[in-house]
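Kindly produce the complete structure, drawing on both the sequences and the hints.
With this note's numbering as the guide, the letters of the sequence shown map in order to residues 1 to 400.
Be aware that a few hints might be false.
Said to hold, decoys possible - With a straight-line cut-off of 25 Å between C-alpha atoms, the simulated PhoX-like cross-links for lysine-lysine are:
| hint | residue 1 | residue 2 |
| --- | --- | --- |
| 1 | 67 | 107 |
| 2 | 78 | 124 |
| 3 | 67 | 316 |
| 4 | 230 | 67 |
Since the hints were derived computationally from the structure, they do not count as laboratory data.
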Amino acid sequence: MLRLARWVGHLVHRGADKMMSSDSVLADMSSRYKAAMVLSGVGDAMGYRSGDWEFNFVGADIHKELKILGGIGKLHIKLPGWPVSDDTVLHLATARALLSGKPIGDKLYIEFAAEYRKGALDMKGRAPGNTTSFSISRHNLAKPDGYLSPYNKRGGGCGAAMRAMCIGLRYPRPDQLLNLIAVSVESGRMTHNCPTGYLGSFAAALFTSYAIQGVPVVSWGCRLVAELPKVLDYVRSVGRDVKENEEQWPYFTDKWTAYLQERGIDGEDATEARFPATYGVVERDAFYKSVSFRGWGGSSGHDAPMIGYDALLGCKNSWEELCLAGMLHGGDNDSTGVMAGCWWGALYGMDQVPKCNYKDLEYRTQLEELGAKLYHIAEEERKEFESQEAEDASQATTLD
Numbered sequence: 001m002l003r004l005a006r007w008v009g010h011l012v013h014r015g016a017d018k019m020m021s022s023d024s025v026l027a028d029m030s031s032r033y034k035a036a037m038v039l040s041g042v043g044d045a046m047g048y049r050s051g052d053w054e055f056n057f058v059g060a061d062i063h064k065e066l067k068i069l070g071g072i073g074k075l076h077i078k079l080p081g082w083p084v085s086d087d088t089v090l091h092l093a094t095a096r097a098l099l100s101g102k103p104i105g106d107k108l109y110i111e112f113a114a115e116y117r118k119g120a121l122d123m124k125g126r127a128p129g130n131t132t133s134f135s136i137s138r139h140n141l142a143k144p145d146g147y148l149s150p151y152n153k154r155g156g157g158c159g160a161a162m163r164a165m166c167i168g169l170r171y172p173r174p175d176q177l178l179n180l181i182a183v184s185v186e187s188g189r190m191t192h193n194c195p196t197g198y199l200g201s202f203a204a205a206l207f208t209s210y211a212i213q214g215v216p217v218v219s220w221g222c223r224l225v226a227e228l229p230k231v232l233d234y235v236r237s238v239g240r241d242v243k244e245n246e247e248q249w250p251y252f253t254d255k256w257t258a259y260l261q262e263r264g265i266d267g268e269d270a271t272e273a274r275f276p277a278t279y280g281v282v283e284r285d286a287f288y289k290s291v292s293f294r295g296w297g298g299s300s301g302h303d304a305p306m307i308g309y310d311a312l313l314g315c316k317n318s319w320e321e322l323c324l325a326g327m328l329h330g331g332d333n334d335s336t337g338v339m340a341g342c343w344w345g346a347l348y349g350m351d352q353v354p355k356c357n358y359k360d361l362e363y364r365t366q367l368e369e370l371g372a373k374l375y376h377i378a379e380e381e382r383k384e385f386e387s388q389e390a391e392d393a394s395q396a397t398t399l400d
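Okay, here's the thing in structure tokens:
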């Protein structure tokens with residue numbers, strides 16, 4: 001852990017872009033934090049629909065059922081028909097661990113493991129993933145490093161990514177990137193110890209931080225790929241399973257690079273994503289399948305955030321279109337939906353979201369409360385950081 005402590009110690013990048021800090025943005029930031037948490041649950045419950053839609057592999061059929069129900073604006077998401085899945089239960093667990101006050105390192109990571117163990121008790125009717133469930137059951141909470149899992153070359157599923165978005169709410173600033181890397185990687189690979197799996201966790205958290213910062217959505221993917229070498233540096237600095245990680249590392253990068261090229265947003269000067277002239281539910285299903293590992297779009301660590309991101313890029317600031325593309329397709333739609341919903345909330349709050357979509361959402365109160373608490377701690381740290389920067393600048397001026 002000494003190498004890790006030294007690595008995390010280099011936290012402040014003075015040349016990094018500052019996050020938006022105007023009074024108007026800050027006044028609304030608390031509501032965006034709460035919306036990010038609540039709408040992650042909405043995206044999850046909508047895509048899941050008690051398993052009926054998650055395991056319907058034909059998006060067109062889902063859209064036909066949606067039409068019968070009256071469309072997005074008429075979906076009253078509530079129990080018993082619309083429970084959240086394992087995604088939201090474990091996202092709640094991630095948020096609770098982040099609010100524990102434990103320092104980054106073994107104490108925080110064992111807290112994650114403990115919260116995930118508690119979450120595992122609330123899985124009836126939520127279709128938990130096998131890799132996640134098995135890993136959680138093997139954690140030894142009595143040992144400081146009991147959260148560690150063996151390397152698993154088959155651990156590339158989306159189970160780490162689907163619960164990681166709020167890490168970006170806890171560490172939203174550019175100068176906190178290395179914290180975000182450490183926490184997203186370690187909370188991810190305690191169940192999905194494979195780059196494809198835990199890099200999905202990093203992507204989900206990073207994109208949430210970008211939403212809070214106000215980074216243009218079109219640049220998120222390119223920035224993600226640019227930051228991946230820092231994640232590999234972190235993995236090497238910890239020194240665990242390095243060879244195995246290096247061998248499987250290229251898959252995630254290659255998949256994302258190919259996707260960005262497909263959309264014409266692989267350069268820093270990109271201003272708009274390129275979509276086919278015809279890109280409805282049938283075409284989206286085919287595309288999501290093409291970027292997947294084994295034909296189920298969104299079920300892996302690389303393509304779950306990719307599909308959520310693709311939906312956000314293509315929705316043209318429409319909540320309804322985001323739901324049609326990000327939550328209601330023939331892939332692992334609750335896992336793509338939990339991310340797309342979170343990012344919408346982090347960007348726009350509850351803008352355009354019909355009240356019936358969220359007012360009776362299972363665990364809504366808990367999601368809102370955790371969002372408010374994450375905002376409070378992030379805001380306190382922002383003020384402390386800016387105060388320190390001002391003090392440093394004053395001292396530098398005095399020395400000059």
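A quick look at each hint next to the structure:
1. 67 x 107: The given pair, whose Cα atoms are some 49 Å apart, is violated under the 25 Å limit.
2. 78 x 124: holds (17 Å)
3. 67 x 316: holds (21 Å)
4. 230 x 67: Violated, because 45 Å separates the two Cα atoms, which is more than 25 Å.
The structure fails to meet hints 1, 4 from the earlier list, while all remaining hints are met.
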